[in-house]
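Protein chains: 2
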Amino acid sequence: MSAEVVSLSPKGHGDSPSLDPILSLTAQSMNAVNAVILERMESEIPLIPALAGHLISGGGKRMRPMLTLAGAELVGYQGDHHHKLAAAVEFLHTATLLHDDVVDGSETRRGKEAANIIYGNPATVLVGDFLFSRAFELMVDSGSLRALKVLSDASVIIAQGEVDQLTAQRKIETSEERYLNIIGAKTAALFAAASRISAVIAGCDAEQEKALDDYGRNLGIAFQLVDDAIDYDSERAEMGKDQGDDFREGKMTLPVILAYARGDADERRFWQDAIAGFSNNDDDLVHAVKLIGKHNTVEATRERARHFAERACDSLSIFPDSSARRAMVEAARFAVARFY
Amino acid sequence: MSAEVVSLSPKGHGDSPSLDPILSLTAQSMNAVNAVILERMESEIPLIPALAGHLISGGGKRMRPMLTLAGAELVGYQGDHHHKLAAAVEFLHTATLLHDDVVDGSETRRGKEAANIIYGNPATVLVGDFLFSRAFELMVDSGSLRALKVLSDASVIIAQGEVDQLTAQRKIETSEERYLNIIGAKTAALFAAASRISAVIAGCDAEQEKALDDYGRNLGIAFQLVDDAIDYDSERAEMGKDQGDDFREGKMTLPVILAYARGDADERRFWQDAIAGFSNNDDDLVHAVKLIGKHNTVEATRERARHFAERACDSLSIFPDSSARRAMVEAARFAVARFY
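Residue numbers (this note's numbering), protein chains in the order written: chain A, 1 to 340; chain B, 1 to 340.
Dumping the calculated BS3-like pairs for lysine-lysine here, alpha-carbon to alpha-carbon at most 30 angstroms:
1) A/Lys-149 / B/Lys-149
2) B/Lys-210 / A/Lys-149
3) B/Lys-210 / B/Lys-61
4) A/Lys-210 / B/Lys-149
Everything labelled a hint here was simulated from the structure, so no lab data went into it.
Given the sequences, and given the hints that come with them, work out the whole structure.
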């Protein structure tokens, strides 16, 4: 079983921000994390590594554990507890993805058939629970009760965000503020915790812990905003990538929230029917992308994302200049420049 | 919101073992545990307490947290960390029940409509995740890294047991040994951990920890054996209780494993078809109960349960006689005498 990591590269070249510096910064410790991941997804029940491995070895970006590793470099952490904690972070994320795919009835994930389609919902729910449990086992092994507190609190917030998102689904009246609360919980809480725990295990002061938390949280919001923009981006369609999952599921993401707010009466009726699930076929998706283009809300969403990415960068300014800090700043700028 | 606890009483009276002593022993601390449970199932997302409360306030027996509380009495623990830990144990159990109901497509639970029927699978999966996360948050709050280790290890074993059970479903060739492994993981691991952590937080020696682990583990196996016997018990049918869930789901429980082993060629063909899901309607269930009665395998299963209950009782013999020990011994004997 391998655990190949797919690196992202931005669409353009030249001056575009790149993930390469953060990938180099964390390459060696990421190998150690991948070894922990592969070891701990094993089980004497063969279905577990088969199903977990389908997702874990299937090209994750390892964004979240990378934050723990980069943070450890930034603060000069000398131990090795961050390997297990970073693996725990990835397991928490993977468990959430498996359950998300069951909840959404997803058909694909990371360009492959989703686990729930291959193995069914029951196995996917239970293997998600296994990974969740393994995550906490790894945290306990790392021995830091304070890191455990940060991650278990985040885990509660993530679950609340997932339920909140479900509650907001097919609700056209969802506001930008509620949307930001949802992505702050379901996505950014884990980014924040992943980043913060590097300072926790290194014994940093409260200001540094907070700075790393802010970095992760703002980056997480930016990351999710871009994900949500991409799902309606006409450039993505040109690249032959699937899109429209959020549209079909009636998820109120920012491109839709803004297009609805900026739309005329006819457009608003269209969005009401579409989000309610009455008109969300492929032709409707084409119309939705057209309206979103008309009101420029993919670009508006990306603009919001850039705002949060810059806040992420600024939160690192309390740390002295270093290759780690430069890599983390560039990673944040990359996150909002990416197209897939 | 209340959190009423349904106490069990055995069918007979007089000399029958009773849960009353253990209920009295733990009544005061159980009130504290219930307060923690009610407080921690709250959330600003209204769907969470609604769904969680449907199950939690719906008449659980609180068997598992009761083990933690009784163990604390047995070893003379003086602190109050056991309240949060016992609540965490109940949350872990409740999360598992919610996910089980999704996995099995259950229609009822504890005599009421199951949460997945009322709220749907997506919400039920996600609220299960919330309770799971809350459980770990409570463990962290309790401050014992060793108790966290015991419970997170148990949580991994439970998840593996659940997946193993799924793998064995509809497999007529499942052996008694494999069945015991499955229930040892999916049920007894949490009973063992719930019991052991009382010794852990009280700072008991390894022998006492092991004794309380053994008590919980053997009691858990006995408890599950009786549950599985009851699902085919003709006396239960006379009481007007639903039965046959295991039969319809093709679960290989001990009454079936033994009836298949003891059956003639015709009977074996019936079981093969029934467990495979080809003949499992109500008439087939009547026939199954008849065959199980013919080979006395409900009674054989109960006999196995008595064996494990006696082992549970014996494991407590290293502790001096006390009202706590007597209550725990009687609870184990009650567990195998109950009819629902």
